[in-house]
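> Sequences listed follow chains X and W, in order.
Just so we're aligned: 24 in our numbering is position 24 of the first sequence, and the numbers increase by one with no gaps anywhere.
Just so we're aligned: 57 in our numbering is position 57 of the second sequence, and the numbers increase by one with no gaps anywhere.
Because the hints were derived from the structure by calculation, they are not lab data.
A couple of the hints might just be wrong.
Here are the simulated distance ranges between beta carbons [to be verified]:
| hint | chain 1 | residue 1 | chain 2 | residue 2 | range |
| --- | --- | --- | --- | --- | --- |
| 1 | W | LYS2 | X | LYS133 | 29 to 37 Å |
| 2 | X | ILE69 | W | GLU70 | 44 to 52 Å |
| 3 | W | GLU33 | X | GLU74 | 35 to 43 Å |
Taking lysine-lysine pairs in the DSS-like style, the calculated list, with each CA pair at most 30 Å apart, reads [said to hold, decoys possible]:
| hint | chain 1 | residue 1 | chain 2 | residue 2 |
| --- | --- | --- | --- | --- |
| 4 | X | LYS123 | W | LYS89 |
| 5 | W | LYS165 | X | LYS92 |
| 6 | W | LYS2 | X | LYS123 |
Ideal Cβ positions, reconstructed from N, Cα and C, are used throughout, including at glycine.
There are 2 protein chains.
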Amino acid sequence: MKKRIIVDIDGVLADIYGQFRKFESQDLGTTQELSEITGKLEEEAFINGENYMATEGFFRNASVIEGSIEVLKELNQVHDVFIVSAATKFPKSMAEKHEWLAEHFPFITWQQIVFCGTKEVIKGDIMIDDHFKNLDKFDGQTLLFSQPHNLKRTENGHTRVGNWKEISQLLL
Amino acid sequence: MKKRIIVDIDGVLADIYGQFRKFESQDLGTTQELSEITGKLEEEAFINGENYMATEGFFRNASVIEGSIEVLKELNQVHDVFIVSAATKFPKSMAEKHEWLAEHFPFITWQQIVFCGTKEVIKGDIMIDDHFKNLDKFDGQTLLFSQPHNLKRTENGHTRVGNWKEISQLLL
């Protein structure tokens with residue numbers, strides 16, 4: 001049966017930790033080891049993180065998370081995929097994320113994109129996200145995409161996935 | 001009881017017909033009477049409407065619909081208000097609409113704003129919108145805000161409101 005799948009951008013399609021660490025290196029001249037920031041929220045791990053996210057190019061130049069293009073393309077052929085990204089806090093990020101999606105995920109149309117502040121207004125069957133604040137308020141099936149900030153926490157009823165191959169195995 | 005109210009921008013908060021007619025006048029040197037376009041969809045009424053909407057300033061410079069600021073401010077104090085606008089078709093409109101909201105509705109925070117392509121992914125208790133395509137797919141109570149394009153149609157189960165005073169009487 002066709003399902004509506006709600007897919008996050010940051011930390012699920014886009015390698016936001018890669019960007020945080022690149023900006024941290026440019027800003028402070030040093031980069032923390034991944035082991036040092038594992039289990040910390042992003043805002044705790046990167047003290048100037050809010051400034052980085054407000055900087056032009058932060059979202060536009062993010063790397064694509066491995067396997068996401070191929071699996072999302074397949075999901076998009078059999079399900080109703082919506083890309084839902086928290087973006088209104090950094091208004092300039094919306095145009096950047098739009099361009100980024102057009103470049104890397106050209107099969108996603110404008111009808112399938114949502115930019116919001118909070119995801120509690122979104123309804124669907126399955127949500128793939130790396131943040132508990134989004135998954136906890138969702139009515140349907142929830143996949144927790146592993147990222148350093150959520151690695152030390154128990155899953156709280158969500159199904160943890162470590163990469164896009166695991167998503168493919170679950171949903172395709 | 002606190003309800004989640006989903007409020008449209010174009011044709012509900014922003015006077016989009018005023019913008020269409022201003023652009024039409026500049027483009028064609030003439031403006032149709034409102035009686036001529038009543039009952040026509042916007043794309044039928046304004047043959048170059050898509051170009052107007054893609055033009056810089058179209059959304060940024062729209063007038064505010066009478067009474068909307070005062071009533072929305074009150075609604076915002078007693079209910080959970082979300083501003084949900086179809087905007088991803090015209091990516092540049094998102095920054096314009098964001099600025100427009102900040103200017104005219106400064107009490108609306110970034111957490112309360114959603115830009116999407118289709119509103120079928122949005123859940124809430126009450127939706128105020130001028131388009132059947134949005135109201136028809138909504139699960140909760142639906143208020144049809146009168147605009148020329150919907151004036152000749154029956155309400156299809158929605159409650160028609162002609163202005164913000166009527167919304168105030170219904171919801172406050």
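> If a hint holds in the structure, say so; if it doesn't, say that too.
Okay, the hints, checked on the actual structure:
Between LYS2 (chain W) and LYS133 (chain X) the beta carbons are some 20 Å apart, a value that contradicts the proposed interval 29 to 37 Å. Our hint of 44 to 52 Å for ILE69 (chain X) and GLU70 (chain W) holds, since their Cβ atoms are close to 48 Å apart. One distance hint, 35 to 43 Å for the beta-carbon pair GLU33 (chain W) and GLU74 (chain X), is violated here, with the actual separation near 52 Å. About 21 Å separates the Cα atoms of LYS123 (chain X) and LYS89 (chain W), which keeps this hinted pair within 30 Å; it holds.
Restraint check for LYS165 (chain W) and LYS92 (chain X): the C-alpha separation of about 35 Å exceeds 30 Å, so the hint is violated. Only pairs whose Cα atoms come within 30 Å are accepted, and LYS2 (chain W) paired with LYS123 (chain X) is accepted, the gap being roughly 19 Å.
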